[in-house]
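S.K.: Read off the chains here:
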Amino acid sequence: MIAKLTSTQIAWRAAQDIEDGAYVNLGIGFPEMVARFQPAGRQAIFHTENGILNFGEAPKKGEEDWDLINAGKKAVTLNPGAAFFHHADSFAMVRGGHLDVAILGAYEVAETGDLANWSTGPKGVPAVGGAMDLVHGAKRVAVITDHVTKEGCPKLVKNCSLPLTGVRCVTRIYTSLAVIDIVALRFVLREKLPSMSFDELQSLTGAELLVDGEIGLLTVPEL
Amino acid sequence: MDKTIASLAEAVAIVENGMTVMIGGFGGAGAPIELIHELIDRFRATGAPHDLIVVNNNAGNGRIGIAAMIDSGMVAKMVCSFPRSSDPRAFTERYLAGNIGLELVPQGTLAERIRAAGAGIPAFYTPTSYGTDLAAGKPVAEFEGRHYVQERWLKADVALIKAELADRQGNLTFSKAARNFSPLMAMAAGRTVVQARKIVEPGMIDPEMVVTPGIFVDAVVEVAAPAQEEELIRQGVAR
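Protein chains in written order, with the working numbering: chain R, 1 to 223; chain C, 1 to 239.
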């Protein structure tokens, strides 16, 4: 069994790269956790597809206002400076390149930056939501994910086998083992767990990891 | 000019068999539950309207609202981005049995297609879905070195939406994130029918605060204490 980061720790690591005042969209589910780990002194402004900028934490139980929800249909609150807008304006913010960062989950990411995160195949009811819009337009499109699937197969691959969400869209991947950038259609290793050798990491990755300068240590608090 | 009408029954009487009906709301926020339930009641009592094409971000939740429309058998097809919810049985069962159609549209493309219809723009290019299964069969063009997919406007015969305030001329405000698709749908439909929590005299809404101008609205009915989808689901209500 290899030591690896928990989901919470991956979210923490991703949060460290969000700058003060950045406009950020977090995908529903796991990526929402990133909001909890903003470094002290920085305040990002969070966008939700259904028409709110600068929403805050969940309200106390019993104090929900169901006209005030996020894209995951969860009740939220507002921060000072919040704004409401309709769906066309909301996606103008997305596609128009106005968001600084989008952080999304993934089934697979290819070394070219292709992302598959909306469909596991033709079975069941297909649902896409805003995923295909979000991968276009944000200045940085980052993915947070386990490094491998539950079965131990690489999620970082040469080519995605699942239906694509977008082509050449991901710029950085935070995994349970490493931080990897996509540069010129290749994986470039930036940080790895100190306990893991490069060869071990490469064996769990479905495409070649390039190294450009020193490999940083991926160290995160216990949380 | 007075666009107010007295009853929900009169409000939904314009919906005919086979029409495309846009329904505002994202999840429960902005869902015009009373208009939807009145339409279901009419279908149950008279057998019409049926074979509706319904446009909404989702495909219903629980046993109320759009889910209840689907349950009743009056919906032939959903046009939506995310036909899943905490309780998606109504759509899922019919879809897997082959008894309801689905046009799956990325959320931002859905919004823009509706906006384009309202603005008289028959087609536009978007980066969304390029290189994916959802772009299959659509024209692609390159602009400044990037690829874009051509999408067409999405029109409707009727829009059913929920507003916070309406004046008698149809100017509307919305409550928080209940706004979502409603201002776009009001523009894109041949006739837009609104349920508002309160109807006021013209001039009572500050023109600076109007979100949807009355030109996009045809009829307004007051529903003073509208039900909220999440509350109905928590109470286990089935229509």
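No lab work stands behind these hints: they were computed from the structure. Some clues are possibly wrong.
[As the list claims (entries may be wrong)] Okay, the calculated bits of chain C under chain R, using three or more residues with CB under 8 angstroms as the criterion:
id	segment
1	15-29
2	39-51
3	83-90
4	129-142
5	174-183
Every residue gets a Cβ at the ideal spot worked out from N, C-alpha and C, and that includes glycine.
S.K.: Check each numbered hint against the structure and report the violated ones by number, ascending.
M.R.: 2
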